[in-house]
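A.B. asks: Spelled out from the first residue to the last, the chains are:
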Amino acid sequence: MTGGLLVRDSALITGRYLRALRLTPGRLIYPLVQPLVLLVLFVSVFGNLAASRHAAAGAYRQFLIPGIMIQNAALTAPTTGLSLLRDAGSGLADRFRSLPMPRAAVLLGRLGSDTIIYAVQAVLLLGAALLLGFRIGPASEPQVAGLARAAGIVAAAVAFGLAISVLSTWLALLIGDAETAERVLYFPAIALAFVSSAFAPVGDLAGWMRPIARVNPVTAAADLIRALATGAAPAWPLLLLACWVVGLAAVPGDLAVRRWQSPS
Amino acid sequence: MPDSGSAGAPLAIDATGVVKSFGRVIALAGVDLAVPAGTMTALLGPNGAGKTTLVRIVTTLTRADRGRVSVFSIDVAAAPAEVRRRIGLTGQFAGLDEGLTGRDNLVLIGRLAGLPRGQARDRAAELAARLGVADAADRVVRTYSGGMRRRLDLAASLMTRPPLLVLDEPTTGLDPASRQHLWDALAELRAAGTTMLLTTQYLEEADRFADLVHVLDHGVVVASGTPAQLKAKVGGQVVEVWLAEDGAGRVDAVAAARALAHRLALPPGEVHAEPGSARISVLADRAPAGPADRVPAGPADRVPAGPADRVPAGPADRVPAGPADRVPAGPAGGAAGGDISVLLDVAAALRAEHIAVADLGLRQPSLDEVFLALTEPGPGA
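Listed in order, the protein sequences are those of chains E and V. Residue numbering for the first sequence follows our numbering, starting at 1 and increasing by one per position. Residue numbering for the second sequence follows our numbering, starting at 1 and increasing by one per position.
Hints may be right or wrong, so weigh each one.
To be verified - One side of the interface only, derived from the structure: several residues of chain E facing chain V at Cβ under 7 Å:
hint, residue
1, Asp9
2, Thr24
3, Ser90
4, Asp94
5, Arg95
6, Ser98
7, Leu99
As the list claims (entries may be wrong) - Pairwise CB distance ranges (calculated):
hint, chain 1, residue 1, chain 2, residue 2, range
8, E, Ala233, V, Ala78, 52 to 58 Å
9, E, Val251, V, Ala78, 26 to 32 Å
10, E, Val120, V, Gln119, 46 to 52 Å
11, E, Arg258, V, Val254, 38 to 44 Å
12, V, Gly30, E, Pro25, 50 to 56 Å
13, V, Ala125, E, Gly26, 56 to 62 Å
14, V, Arg139, E, Ile29, 21 to 27 Å
15, V, Ile26, E, Val37, 31 to 37 Å
16, E, Gly176, V, Gln180, 35 to 41 Å
17, V, Asp175, E, Leu174, 48 to 54 Å
18, E, Ala59, V, Arg121, 56 to 62 Å
19, E, Pro201, V, Gly173, 57 to 63 Å
20, E, Gly4, V, Pro176, 44 to 50 Å
Since the hints were made in silico from the structure, they are not lab data. Here a beta-carbon is modelled for each residue, glycine too, at the ideal position from N, C-alpha and C.
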């Protein structure tokens, strides 16, 4: 009964966010348009920079694009926490808490609409990447396999994004103040991408970065996408990403729900 | 389910010994509150008195440290979900999604509260019409005025026809017309039998609309009763003194009030003057044979609160910013027995203190004065 209620009410909350996006489409610029611009800028600047040093510009582009996809997911994640924090400050949270609904539904419902945002973002980026020369799978493979790989790439980006969204939610609720949270949450999202394999192979990073970069969830997700795109074995990045997703859902996820629920 | 209230009078809210602290700040220090079903009960108190904390405990948003609170005999701590099925909350901040239309908001709240889609839509349309937001129902809430937001917020609280409606300062910050609109809607609800608990800063609202008033100060209920009982408790009469300018064209009402209080041997809190004004009000003559020290709050003692026993209050749009801007309510009625000895005492004191007077009058106290007399003055008061 409670489970059914949780699913129904989460779906209602997801519908709420999607409806708000339809009424205010400008809110889609940040998660959907800006990533495309960043993709083009990064590929144009760093792709050519690499080309002037090494012969294999195409190889670097192939390496860079998954990193940019994951960087953009990381930059989108703070919006989850910030939107819940805004609700909390507006009186809407009290309204929800005074209704006979499972309180976790508010968070799960938001993650529902985030799933759609991350998926659309990944599909758009992948489409643009293909136009920029990104290749998925060996040319000899049947088309179905290529589609399966593309679906896997989107799934990896979505899973990564949701995990970081959960983390951002917990941090935002912990910080409590929307303005502070806005300033605090974006910085780690930017830094996280640099201390990872997003833009350069871990072996090329400064010595102190390498231990962090190896276990960074950005590395896991970017390497997984690379493996799916090139046809390499995805086992290790897949395992690492799975650990992050499960770990973040279990610990910060649980803490976030508790924090949201707790009657002060 | 048996009622925990007294003999046959069902209580919508029954709170006993409620204590709540936030760190070292004691918000509620043992509050008892009984709200009989079908009444409108007002919680008055200065900022920080604990009104909102009490409201949040009743609506399951906050847990009490000690004490028991039940809503329709259901314990709020033990069965919060059951309580939530029976309450509507209109908080201090509108609980609306700014990015959705008014109708979207109502339907969403209705569905989250368990209404099927069709019913939620019908009810949303009905409430939007009743609260005067039907024309704006398909506009995004971000574009609403403050008054429309409040009305939509009230509509959202009413989606499930809750038998208990809790309103935390529902009219704060609204213009006079919007307040009137909201009060019309609340009056309709009361007529339909909805129990209401509200906090308000506007004392004349409580005076006009509430059946029972509880005055909260420093986390305890300092007085309870009907507005008429509270006025009687404080004492029947107020002497209004309008000072004349002295030879240099100056008026120092504050100094005069101090001298007057001293001369009359009254606590300074009962002789009010706003700095810069020319008026002093003396809340005096605490009736010796008046009601007991504490007016009982039980429903059995409740005086029926028809309009007949209400003292007409000022215009609805008046912000009670202190006595200075109050228009004297005319000569005192017969309630205080028409005894003018207070007036004579004040007149004698004025003469003894050589205070020049332009005008002098006797009237009944307003709820503002009751409030000021019952609550501890803050710094600078």
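A.B. asks: Take the C-beta atom of E/Gly176 and the C-beta atom of V/Gln180, compute their distance, and say whether it sits inside 35 to 41 Å.
C.D. replies: holds (37 Å)
A.B. asks: Does E/Ser98 pass the interface hint, meaning its C-beta sits closer than 7 Å to a C-beta of chain V?
C.D. replies: The hint holds - E/Ser98 has a Cβ within 7 Å of chain V, the shortest such distance being about 4 Å.
A.B. asks: Could you see if the CB distance from E/Ala59 to V/Arg121 stays within 56 to 62 Å?
C.D. replies: This hint holds: roughly 57 Å between Cβ atoms.
A.B. asks: Is 48 to 54 Å a correct range for the gap between the Cβ atoms of V/Asp175 and E/Leu174?
C.D. replies: violated (39 Å)
A.B. asks: Hint says 46 to 52 Å; check whether the CB-CB distance for E/Val120 and V/Gln119 agrees.
C.D. replies: violated (33 Å)
A.B. asks: Interface hint check: E/Asp94, Cβ to nearest Cβ on chain V, cutoff 7 Å. Holds or violated?
C.D. replies: Interface hint status for E/Asp94: holds (5 Å vs cutoff 7 Å).
A.B. asks: Report holds or violated for the interface hint on E/Ser90, using the least CB-CB distance to chain V and a cut-off of 7 Å.
C.D. replies: holds (6 Å)
A.B. asks: Have a go at the E/Thr24 hint: is there a Cβ in chain V nearer than 7 Å to its own Cβ?
C.D. replies: Since the shortest Cβ distance to chain V is 5 Å, the answer is holds.
A.B. asks: Quick check on a hinted range of 50 to 56 Å for V/Gly30 and E/Pro25, using CB atoms only.
C.D. replies: Given a distance of about 53 Å, which is inside 50 to 56 Å, the answer is holds.
A.B. asks: Taking the beta carbons of E/Arg258 and V/Val254, is their distance inside 38 to 44 Å?
C.D. replies: Cβ of E/Arg258 to Cβ of V/Val254: about 53 Å, so the range 38 to 44 Å is violated.
A.B. asks: Less than 7 Å between beta-carbons is the criterion; does E/Arg95 satisfy it with respect to chain V?
C.D. replies: holds (3 Å)
A.B. asks: Look at the Cβ atoms of E/Val251 and V/Ala78 and judge whether their distance stays inside 26 to 32 Å.
C.D. replies: holds (30 Å)
Hint violations for this structure: numbers 10, 11, 13, 15 and 17, all remaining hints satisfied.
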